[in-house]
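Asks: The residues making up each chain are set out below.
Number of protein chains: 2
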Amino acid sequence: MTRTVGQVRADVEEASRWLAGRVVRTPVLRSPVIDGLAGARVLLKAENLQHGGSYKMRGALRAVGRLAAAGHTGVIAQSTGNHAVAVALAAGQHGLAATVVLPVDAASTKVDRARAAGARVVFAGTSVEERVAVANGLSDESGHPVVDAYDHPDVIAGQGTASLELIEDAERVGTPLDVLVVPVGGGGGVAGACLAAAGSGIEVYGVEPVGCDSLARSLAAGVRVPVAPAPTIADGLRPSCVGELPFAIVRDTLRGVVRVDDDEIAAAFRLILTELKVLAEPSGAAGLAGALRLPPDGDRQRTVGVVLTGGNVEAALVARLMAPRSADLAAEGAAA
Amino acid sequence: MTRTVGQVRADVEEASRWLAGRVVRTPVLRSPVIDGLAGARVLLKAENLQHGGSYKMRGALRAVGRLAAAGHTGVIAQSTGNHAVAVALAAGQHGLAATVVLPVDAASTKVDRARAAGARVVFAGTSVEERVAVANGLSDESGHPVVDAYDHPDVIAGQGTASLELIEDAERVGTPLDVLVVPVGGGGGVAGACLAAAGSGIEVYGVEPVGCDSLARSLAAGVRVPVAPAPTIADGLRPSCVGELPFAIVRDTLRGVVRVDDDEIAAAFRLILTELKVLAEPSGAAGLAGALRLPPDGDRQRTVGVVLTGGNVEAALVARLMAPRSADLAAEGAAA
Chain A
1 MTRTVGQVRA
11 DVEEASRWLA
21 GRVVRTPVLR
31 SPVIDGLAGA
41 RVLLKAENLQ
51 HGGSYKMRGA
61 LRAVGRLAAA
71 GHTGVIAQST
81 GNHAVAVALA
91 AGQHGLAATV
101 VLPVDAASTK
111 VDRARAAGAR
121 VVFAGTSVEE
131 RVAVANGLSD
141 ESGHPVVDAY
151 DHPDVIAGQG
161 TASLELIEDA
171 ERVGTPLDVL
181 VVPVGGGGGV
191 AGACLAAAGS
201 GIEVYGVEPV
211 GCDSLARSLA
221 AGVRVPVAPA
231 PTIADGLRPS
241 CVGELPFAIV
251 RDTLRGVVRV
261 DDDEIAAAFR
271 LILTELKVLA
281 EPSGAAGLAG
291 ALRLPPDGDR
301 QRTVGVVLTG
311 GNVEAALVAR
321 LMAPRSADLA
331 AEGAAA
Chain B
1001 MTRTVGQVRA
1011 DVEEASRWLA
1021 GRVVRTPVLR
1031 SPVIDGLAGA
1041 RVLLKAENLQ
1051 HGGSYKMRGA
1061 LRAVGRLAAA
1071 GHTGVIAQST
1081 GNHAVAVALA
1091 AGQHGLAATV
1101 VLPVDAASTK
1111 VDRARAAGAR
1121 VVFAGTSVEE
1131 RVAVANGLSD
1141 ESGHPVVDAY
1151 DHPDVIAGQG
1161 TASLELIEDA
1171 ERVGTPLDVL
1181 VVPVGGGGGV
1191 AGACLAAAGS
1201 GIEVYGVEPV
1211 GCDSLARSLA
1221 AGVRVPVAPA
1231 PTIADGLRPS
1241 CVGELPFAIV
1251 RDTLRGVVRV
1261 DDDEIAAAFR
1271 LILTELKVLA
1281 EPSGAAGLAG
1291 ALRLPPDGDR
1301 QRTVGVVLTG
1311 GNVEAALVAR
1321 LMAPRSADLA
1331 AEGAAA
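Respectively, the protein sequence lines represent chains A and B. So for the first sequence, the numbering used here puts the first residue at 1; every next one is plus one. So for the second sequence, the numbering used here puts the first residue at 1001; every next one is plus one.
Excised from the complex, chain A in its bound form (with noise of 0.2 Å):
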């Protein structure tokens, strides 16, 4: 897996221009509310309205895409979800068989959606590790490459074209960005973010889990560190380290990171539900947090976009966190 950092924004431009036609330019959503609370204009990119729910649908295309047409017949994935699903969607429009390795935890939905996207799904353990053997294992059978969720610079460039979009719509409507928050997971996202930002003079932030903090601590260390991932209701930032073309990527442009907890991660979770209308899943919800979190710049309105990065939840936790009771349960979370 050892590359060198050779990805640049054009990368993400290339990607943008392929992408176009084959994903949804989702809308971006605004709120005065939300702008009150942030004490700051909120330009919140949609990419739960994305296909497959989830920006991870671009990374997908992109990386399956450029296999097709190197000739692959087959590709393989294993994720907690989302880039399973993208990854089956995104085969079966190219026409590639899909293997895909969930934990025999996943959700009864993620399951079923990768199904019906005509994918194959092994079950494997609870943990990376265990999906990453038996999805190698998998590929060492077939002679199928392995589609990483994040360390892989096609992956790393088409979700970069999210940002990128953000980017170009604020623009547009005379309001450029002055920051750029997006929720890490293995850190795709947040890379591909850098490379869309770079030489624009927008400061990116990450945005962590408390307790899910391998990227803070990454940071802080000089060097990827490993964490036990602490329960969070953002199931999809809990990879237990930051990916390692991620990192060479972000060690140098990221602003930083913040942390928010459960209790914050639910309150954005519904703000985002009343104010704008769209279901976003808790990962989702995290960049929102996190953007709320941010130190004002002085008397300054800055322009904060937000990449609202998926909304595959279960109905049973949307009722939980609509519920009347809902934010102490959010507390219990985080106290958990």
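The set of hints was computed from the structure by calculation and includes no laboratory data. Where a beta carbon is used, it is the ideal one built from N, C-alpha and C, also for glycine. One or more hints might be untrue.
Which bits of chain A does chain B cover? Going by a derived footprint, with three or more residues having C-beta under 8 Å, they are [said to hold, decoys possible]:
#1 34-41
#2 47-53
Here are the computed distance ranges between Cβ atoms for each label pair [what the hints assert, rightly or not]:
#3 A:Thr109 x B:Ser1200: 31 to 41 Å
#4 B:Arg1172 x A:Gly199: 48 to 58 Å
#5 A:Gly201 x B:Ser1108: 19 to 29 Å
#6 A:Thr109 x B:Gly1174: 45 to 55 Å
#7 A:Ser200 x B:Gly1143: 49 to 59 Å
#8 B:Val1122 x A:Ala315: 50 to 60 Å
#9 A:Arg25 x B:Gly1201: 50 to 60 Å
#10 A:Pro176 x B:Ser1240: 29 to 39 Å
#11 A:Gly174 x B:Ser1240: 40 to 50 Å
#12 A:Thr109 x B:Arg1172: 39 to 49 Å
#13 B:Arg1022 x A:Ser200: 28 to 38 Å
#14 B:Arg1300 x A:Glu13: 38 to 48 Å
#15 B:Asp1297 x A:Gly143: 45 to 55 Å
Fit chain B to the given chain A structure using the hints.
Replies: Quick look at chain B alone, frame taken from chain A:
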């Protein structure tokens, strides 16, 4: 309130030009799961992402804008929620004083939104008759005109612009509408849809909750027939009688009315949230519930447009509808 039916498609087209840049050109959403359930291509116009969270903003802006241009300095509106909030917001944008008359049991979020927009809120009973009497009294005192929620040509034309945009966008992407489905309260939206679809060959259907079917009964009788509205979770669709002007417009052009129960509305609400990732109020979800009840047209796959009219819904109701036992609750509601 007696008026000749002088309204034509050009009124909607003119309103659409005037509203361009003043309202959000909301996206059209699709889901393969919904297409499968409907046996049709279903295109949903996401007016829950409109300013104010509802397509009522279109009619309110158009009507208030014309009153402002005519020199009025204030306006009065009454409704159970969305229309009054929309008039408050529109008046604020045009620098007019707004007084809105709400029922004493109005949702607190709607009261808060009207006040946040700078409107004076007056509470009056729980029936439309009580609110109309108070609104007319305030109008006599102040000289400010009442902007009716549906019995008003500018409101109808404004609401119709949502249908017009949907018709245009469906054509642009190569899937022109065969059918257009709009939920019916007082009938302003469905009247606007009939105007927007005039001459196009598109079949327009209205959707009413079971027991709130004043339009269906009126069409059968040939004259307006009031009902004692039954309980329904679609609280925006409970006027006791379809408006005079809307009825005059739709009586000869509407293809039909579909009646839906609370169970169907709740199922549509969940589909919209989990598949499209957006929040519909039950009155908005009723449109999809109706589209799912349309009889098939032989083996032909039709394209069905649905105006998802709004997304202003209380958190507790979202929790109830998404809870695991919500199907039972919805069934209870329908049986009530």
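Asks: Now tell me if each hint is right for this structure.
Replies: Now for the hints, and whether the structure bears them out:
no., hint, in the structure
1, 34-41, "violated (count 0)"
2, 47-53, "holds (count 3)"
3, A:Thr109 x B:Ser1200: 31 to 41 Å, "38 Å, holds"
4, B:Arg1172 x A:Gly199: 48 to 58 Å, "35 Å, violated"
5, A:Gly201 x B:Ser1108: 19 to 29 Å, "43 Å, violated"
6, A:Thr109 x B:Gly1174: 45 to 55 Å, "30 Å, violated"
7, A:Ser200 x B:Gly1143: 49 to 59 Å, "54 Å, holds"
8, B:Val1122 x A:Ala315: 50 to 60 Å, "39 Å, violated"
9, A:Arg25 x B:Gly1201: 50 to 60 Å, "30 Å, violated"
10, A:Pro176 x B:Ser1240: 29 to 39 Å, "51 Å, violated"
11, A:Gly174 x B:Ser1240: 40 to 50 Å, "46 Å, holds"
12, A:Thr109 x B:Arg1172: 39 to 49 Å, "32 Å, violated"
13, B:Arg1022 x A:Ser200: 28 to 38 Å, "30 Å, holds"
14, B:Arg1300 x A:Glu13: 38 to 48 Å, "42 Å, holds"
15, B:Asp1297 x A:Gly143: 45 to 55 Å, "47 Å, holds"
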